[in-house]
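K.L.:
Take the given structure of chain A and dock chain B to it, following the hints.
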Amino acid sequence: MIASFQIYKGPSLWFYIKRSILLHCECILLFFFITYVVSFFFDQKVEDMDYLKQAVRVDLVEMPKYTLEELRELKPVPAKEDKMQETKEEVSEEDKREDLSKSEEAELEDLMQKLVKKGKKKNEAIKEKLEVDKLKKEKLDKINQLVLSGNKILEGQQVEGDQAQYDLQEFDRYVLKMTENVRRYWQLPSYLQGLKVKCRIQVYIELDGKLRMAKIIESSGQTEFDERALAAIKQATPFEVPSEKIAPKLLKGLFILGFPL
Amino acid sequence: MKNYFYILFFLNLIIDTGFLHGQAQAQDQAKIVAVGEASKVKDKILFDFYVCAKSNPNLAVAKEIREIMRNDFSFYRHIYSIFTSDQESSFAGLVDSKYQALNSDQVFYWIALTCDGSKLNLVAFNVRERKEIFRQVISNPSSDRSFVHKLSDGLFKAIAKRNSVFLSKVVFSAAEVWGPRKSMKEIYTMDFDGFNMKKITNHKGIAISPAFSPDNNKIIYSLIDSKSRIKNVALHEFNLLTGKSIKVSDKVGINSGAIYTSDGRGVYFTLSYRGNADIYHLDLGTKLERQITNNRAEDVDPSITSDGRLLTFLSNRPGNAHVYTLNPSGMESQVNRVSFVGQFNATPRFSPDGKEIIFSSWVDQGFDLYRLSISGNSLIRLTKNFGSNEDPSFSPDGEFIVFTSKRNGRGVDPDQKIYIMNRDGDILGALTPKMPLCTSPRFSN
Numbered sequence: 426m427i428a429s430f431q432i433y434k435g436p437s438l439w440f441y442i443k444r445s446i447l448l449h450c451e452c453i454l455l456f457f458f459i460t461y462v463v464s465f466f467f468d469q470k471v472e473d474m475d476y477l478k479q480a481v482r483v484d485l486v487e488m489p490k491y492t493l494e495e496l497r498e499l500k501p502v503p504a505k506e507d508k509m510q511e512t513k514e515e516v517s518e519e520d521k522r523e524d525l526s527k528s529e530e531a532e533l534e535d536l537m538q539k540l541v542k543k544g545k546k547k548n549e550a551i552k553e554k555l556e557v558d559k560l561k562k563e564k565l566d567k568i569n570q571l572v573l574s575g576n577k578i579l580e581g582q583q584v585e586g587d588q589a590q591y592d593l594q595e596f597d598r599y600v601l602k603m604t605e606n607v608r609r610y611w612q613l614p615s616y617l618q619g620l621k622v623k624c625r626i627q628v629y630i631e632l633d634g635k636l637r638m639a640k641i642i643e644s645s646g647q648t649e650f651d652e653r654a655l656a657a658i659k660q661a662t663p664f665e666v667p668s669e670k671i672a673p674k675l676l677k678g679l680f681i682l683g684f685p686l
Numbered sequence: 034m035k036n037y038f039y040i041l042f043f044l045n046l047i048i049d050t051g052f053l054h055g056q057a058q059a060q061d062q063a064k065i066v067a068v069g070e071a072s073k074v075k076d077k078i079l080f081d082f083y084v085c086a087k088s089n090p091n092l093a094v095a096k097e098i099r100e101i102m103r104n105d106f107s108f109y110r111h112i113y114s115i116f117t118s119d120q121e122s123s124f125a126g127l128v129d130s131k132y133q134a135l136n137s138d139q140v141f142y143w144i145a146l147t148c149d150g151s152k153l154n155l156v157a158f159n160v161r162e163r164k165e166i167f168r169q170v171i172s173n174p175s176s177d178r179s180f181v182h183k184l185s186d187g188l189f190k191a192i193a194k195r196n197s198v199f200l201s202k203v204v205f206s207a208a209e210v211w212g213p214r215k216s217m218k219e220i221y222t223m224d225f226d227g228f229n230m231k232k233i234t235n236h237k238g239i240a241i242s243p244a245f246s247p248d249n250n251k252i253i254y255s256l257i258d259s260k261s262r263i264k265n266v267a268l269h270e271f272n273l274l275t276g277k278s279i280k281v282s283d284k285v286g287i288n289s290g291a292i293y294t295s296d297g298r299g300v301y302f303t304l305s306y307r308g309n310a311d312i313y314h315l316d317l318g319t320k321l322e323r324q325i326t327n328n329r330a331e332d333v334d335p336s337i338t339s340d341g342r343l344l345t346f347l348s349n350r351p352g353n354a355h356v357y358t359l360n361p362s363g364m365e366s367q368v369n370r371v372s373f374v375g376q377f378n379a380t381p382r383f384s385p386d387g388k389e390i391i392f393s394s395w396v397d398q399g400f401d402l403y404r405l406s407i408s409g410n411s412l413i414r415l416t417k418n419f420g421s422n423e424d425p426s427f428s429p430d431g432e433f434i435v436f437t438s439k440r441n442g443r444g445v446d447p448d449q450k451i452y453i454m455n456r457d458g459d460i461l462g463a464l465t466p467k468m469p470l471c472t473s474p475r476f477s478n
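Note that the protein sequences, when read in sequence, are chains A and B. Throughout the first sequence, residue numbering follows this note's numbering, covering 426 to 686 in sequence. Throughout the second sequence, residue numbering follows this note's numbering, covering 34 to 478 in sequence.
If we strip away everything but chain A, and leave its shape as in the complex, we get (with noise of 0.2 angstroms):
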């Protein structure tokens, strides 16, 4: 008996490896745009989300400063932006009515001479008010911190929390110093209080610290419990303006409050 042999004439291997090859791009291709419209479509799933919870520092050193009473009359810092605008405005009215008094062309040189120092004069009042100003509002924030994170008078060394992350990220830190602010608005009714329900609300933020849309991922099923949780975020807005480097995770709304967890 002689064995027959049949030689293979099909594709060769470096036929397979091309196609195989190609076929892979086009499926990462295709896994991306099935990627991308699932998530612009549909909402995120819950067992998709990480808990960021907050680890607090605490070491009493010495007895707190503020009474509660105190610390509550608090306020946030007004925005300084209209009062700019109102001070520009009283720099032209004076400018025109000094304009009036003088005659045209002898007296405008004099005039524009003069026009650049009250200019700068004002800049630099601007700008130290201004300063002073940030100054302010640096120290009401830090009081602020204080009434949100009770009353604690140095950062310390023990660590209190179920999740002791000493150096949060700068995304995380953002959402706890937002949700702080939420939380100041977060109030509800007696015959709310007692029902044990939650609602989850994804946060999407612009550029400039605005909120750019709220939506509940899960509601509580009561319509008034939903609302009010709506309320406190849109109370609690403009937030701070988020860094350049966080800004695109708070746009596609990467993070999500729940109230109460």
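The hints are simulated quantities; they were obtained by calculation from the structure and are not laboratory data. Just so we're clear, the structure is a prediction, and the values are computed from it rather than from any experiment. Possibly wrong hints are sitting among the right ones.
[Claimed, not checked] DSBU-like, lysine-lysine: derived pairs with alpha carbons at most 30 angstroms apart: (1) B:Lys-75 x A:Lys-602; (2) B:Lys-388 x A:Lys-602; (3) B:Lys-202 x B:Lys-232; (4) B:Lys-231 x B:Lys-190; (5) A:Lys-621 x B:Lys-73; (6) A:Lys-602 x B:Lys-417; (7) B:Lys-194 x B:Lys-183.
P.N.:
This is chain B only, laid out in the frame that chain A set:
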């Protein structure tokens, strides 16, 4: 060969997909942050008052009742916003139209006091749920404060579903107002709002540190008897039902700072007859004593949780006075230091739920009051800037604190009076504006 490459391809595809998906997930993982429990919006209560006729004989009494009730509820101003109105129309058939007029955003509870011949009706409605939640017919209308406090308490229970402070009393020690016995101090009781004040002892000595028994029928206190040759601080018990006082402990030195055990059969107090102040338990029936603390330092001012499992006291073990807790069933059992700051801390008292301790601490030439969680994690300042604030005591519902203060006095040594504030430090007012040198106020149970 062909099959081999297809298998290889699909394996690679699965691995790559998993890897890419994992990577995408890691990049876009959303963070959930808990906002926490909401604070409470104040419930609004409207006190309405309806009369059938202006000639109604109960009109004046009804107005007084409403005024006392409104005053009672105003103590809970941190929880409720109180409004009042006088309606001169008839109440009959008005309920439906009132519901139409009221909106639950404006008013949560509507309370109406109506005249009905010789009777009065007290009715409360839940506006949001549009239902009657309380009704009481007052057959013999009276503006007696104790009677009205009971009405207020019933109303409060219907609204808040818990006990109020309206039936609570306060026991305290105060000096005589004038005369040769001005340096003497006696024990007094009063209602939670400062009314109905009664002097219950007449020792012509210095009676201090009173405390109610769990059934509120007895008061334990210490007495420096001016008539006795032995100058010690003896322990006495006053029976409010019989009006009689008996001596409970008269050992050499201090027998003071007593509080009842949770079952009322014994007391915890400080004894110093062995040379050092320690806390003891005394069985009032058998008169057997048991030492609770045993330390070279001085241990004073015990206060116990309502279930009797934890006792807090003041001790200078670390050098200056700090707050400690222990298990009172043994001696030096499970001693735990709770406070770590403050130059000199004093008078630690448990909250009714046993989760917090309120105490005074020396700051800037005077005492101020602080609230501390027993875990030691939360320390909240309650008073500031106004005189020296000492001797705090929680109300049985945990919402109020009575304390002594020299906040409104004049001169170098202003008079010390008893004040009441809510648990967050909002001062509601003085309870003893005319009584001098008031000390050691304690709420009933």
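K.L.:
Which hint numbers doesn't this structure obey?
P.N.:
none
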